[in-house]
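Start from the sequences, fold in the hints, and give me the full structure.
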Amino acid sequence: MKDEKIDVNETKATDSNYLSARESHKISRENRRITDQFEKQNKRKNVPESEYTTKMKNPANVVEFDNLHTYFYTDVGVVKAVDGVTFDVPFGKTVGIVGESGCGKSVTSLSLMKLVQRPQGQIVEGEIRFDAGDKVYDIAKTPIEEMYNIRGNMISMIFQEPMTSLNPVFKIGTQIDEVITLHSLDLFHEEMKAAEKSVSNVKPSKESKLMIKARTLEMLDLVGIADSEKVYRMYPHELSGGMRQRVMIAMAIACNPKLIIADEPTTALDVTIQAQILEILMELKDKINSSIMLITHDLGVIAGMADYVVVMYAGRVVEKGTVFEVFKDPAHPYTIGLMAARPGINKEVERLYSIPGKVPNPIDMPNYCYFRDRCEKRIAACDGEYPMEIKLSPTHSVACYLYTEEEYRND
Amino acid sequence: MTEKSKRQIAAETKERLVIEDNYIPLVHDDKYILEVNALKKYFPIKDGLLQRVTGHIKAVDGISFKIERGTTMGLVGESGCGKTTAGRTILRLTEKSAGQVLFNGKEVYDYTKKELQAIRPQMQIIFQDPFSSLSPRLPIREIIGEAVREHEIVPRNEFNDYINDIMENCGLQPYHRDRYPHEFSGGQRQRICIARALALNPDFVVCDEPVSALDVSVQAQIINLLMDLQDKFKLTYLFISHDLSVVEHISDTIGVMYLGDLVEFGRKEDIFRMPLHPYTKALFSAIPVPDPTAKINRILIEGSMPSPANPPKGCKFHTRCQSCMEMCKTVVPVQKEIEPGHYVVCHLYNDYEGA
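Respectively, the protein sequence lines represent chains A and B. Going by my numbering, the first residue of the first sequence is number 5, and it counts up by one from there. Going by my numbering, the first residue of the second sequence is number 77, and it counts up by one from there.
Since the hints were made in silico from the structure, they are not lab data. Owing to the predicted nature of the structure, the values given are computational and were not obtained by experimental measurement. Honestly, I wouldn't trust all of these hints.
Claimed, not checked - Short, incomplete list of chain A residues facing chain B, as computed with Cβ under 8 Å:
1. 96
2. 276
3. 331
Claimed, not checked - As a list, the in silico EDC-like pairs of lysine to aspartate or glutamate whose alpha-carbon atoms are at most 20 Å apart:
4. 308/B / 283/A
5. 310/B / 354/A
6. 344/B / 354/A
7. 357/B / 283/A
What the hints assert, rightly or not - Pairwise CB distance ranges (calculated):
8. 290/A / 192/B: 43 to 49 Å
9. 411/B / 292/A: 45 to 51 Å
10. 374/B / 44/A: 51 to 57 Å
11. 292/A / 375/B: 25 to 31 Å
12. 372/A / 229/B: 54 to 60 Å
Heads up, the beta-carbon is just placed ideally off N, CA and C, and yes, glycines get one too.
Here it is as structure tokens:
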């Protein structure tokens, strides 16, 4: 992160990057004070339910991010990784989040799971409303203890790197079984649940073990693994990258989650395998009727998969809309640049467009449009505050001074 | 009886372990800077207490192509298909198992160690991962300048100016000279890698997935830089990548590799206009198109790539091929020229009489 600033202004960058020991000490002490407060909030026991349940603004949504701020309190300063992100994920739809590395797309999804690296990373402000069926959680306020019921069970995640996210010392079967044992207990193990033993202590009986295995095999079949019985007994290293990703998907859908977060699910894979995996995800979404939050930097994947697109830049949403709106007439200069930068098949260009400059230093963000210094369509108004979100159509909105609300009304 | 069968087995194993090295020697044409003929690179699999060789990983299994001066050849394929090994074997960074590599008409593998060192500046490589291919302990001027000094490219008193010049050409600032790799972002590191390769005035550069580790917008910068430098210094590139859209943008000719074989080779326009090999077709249809209205007829390839230690008999692609015929399972296909300069290795085109 630090070196991002190098090119912007040489001398200034070195000066502001330099911290004396005393300054650094002061910052960490201050950070400790702030994060301790947050941690206290998080670790409370027996929090009354009314404190973290809320109501959805629109019942058609499964998740609503509302002005989410997730900050990291590092020793060199506060990194505003997610700085006021607002968007919705409707039921049964796929929402694609695009942006370059470091734009906060992964942190947004981790905030939803409450898996942001603690204690440095904290959700500082805003709401994440999640419709769990019988009640609506505000994830930002939900205590960690309650999160165990949500993670894996109602929201699950597919990670980018299937090798590092599978445990190398356990067999595939054991790992998927574990998910089901922990989360879908009510399906197989009613008597134990009735006894109200704590979740981690449960040892399933023989019959339920068999049922769990049957469920695991069913899941493996569902993601297109032909020889599921054999794969059940294999270790992760015996599988190829595409197969591992399938196992990850099987694990993610094992409990019929309402929302699947796919964090760059195909980035580490080859094109042919990528096509297979995307096909599986599309099919499964309809089969188990869940929503997908697809995080990727590949615009091609988004175009093929998503219903809605959210474009992020430096921790903020710069543009969002339906996939047709964003790809047909992208509004924000960053979105336009991103699309022009990608070489395409049958796209005859002499030179690729490249966005000048670099992503700004995430520490001490300026109070004007973060894209201003790289923007080629900069106007006088850009020197003002960070632009408000402007609606171009009921579903399409952009944060840029080039557009005004009137334009939409005239249309 | 048992004695004999044992001997038989031994003979069979031996036969399997011998690497065939028969090819028709190439006649050099000065148009081409690099000519590769039936190049093979097998890695031995060792087993048992005595570490006997029990088999081979056939990473590169007889590939042939030619690159004209000042052009770019793109080499595409899935991971594990041997494209990186091919690049390295051509530069003699690993020793070949069989075949011919002619660089400027001279066999690269005929050079002695000393001669090879003298020829090295002419052929350079840019590695895939700019994070692990730069020594963290050397400042940038040393990373770029070390080989320049070693090969005495410029007199000592011009050394500093020369390094500055190269850095400027690659989009780096002179004040970056004394910095260390960790102070740079991914895109800048890749620029350093490019500067290091170009500092030796090479004629031929192998670019081994130079943009795979980078973000989209940075990718565009690096691709533009590579193309500018090619114009400026009349470079020839072998551009290895698994990203077809990047390869299409930068290449003049394209080779498609599958499991150590070059299944299709030809000019970019020909290959994109009329992909012949079923694998090429599937590969092209798998590329995600950034247009939600586009309806593509996806040809999905089932399964994953077989192990190169024990590749399928006959055509290596037959296990995943949609137009697999009986013949494909037993007979190894040979290279056919369908149009001038457009080669394919597939039984589907057996009846095709050259154009």
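Hint check results:
1. Given hint, residue 96/A at the interface with chain B, is violated; its Cβ is 18 Å from that chain's nearest Cβ, farther than 8 Å.
2. Taken as an interface hint, residue 276/A checks out: its beta carbon lies about 5 Å from the nearest beta carbon of chain B, inside 8 Å.
3. The interface hint given for residue 331/A is met, as the beta carbon of that residue sits about 5 Å from the closest beta carbon of chain B, less than 8 Å.
4. At most 20 Å may separate the alpha-carbon atoms for a hinted pair to count; residue 308/B and residue 283/A exceed this at roughly 44 Å.
5. Taking the CA atoms of residue 310/B and residue 354/A, the gap is near 17 Å; set against the 20 Å cutoff, the hint holds.
6. For the proposed pair residue 344/B and residue 354/A, the alpha carbon gap of about 15 Å is at most 20 Å, so the pair holds.
7. Our distance criterion of 20 Å between C-alpha atoms is met by residue 357/B and residue 283/A, whose separation comes to about 18 Å.
8. Evaluation of the 43 to 49 Å hint for residue 290/A and residue 192/B yields a failure: the beta carbon distance comes to about 59 Å.
9. For residue 411/B and residue 292/A, the hinted distance range of 45 to 51 Å is satisfied, since their beta carbons lie about 47 Å from each other.
10. A hinted range of 51 to 57 Å holds for the C-beta pair residue 374/B and residue 44/A, which are about 52 Å apart.
11. In this structure the hint that residue 292/A and residue 375/B lie 25 to 31 Å apart at CB holds, the actual value being about 27 Å.
12. Between residue 372/A and residue 229/B the Cβ separation comes to about 47 Å, which falls outside the hinted range of 54 to 60 Å.
Checked against the numbered hints given earlier, the structure breaks hints 1, 4, 8 and 12 and satisfies all the rest.
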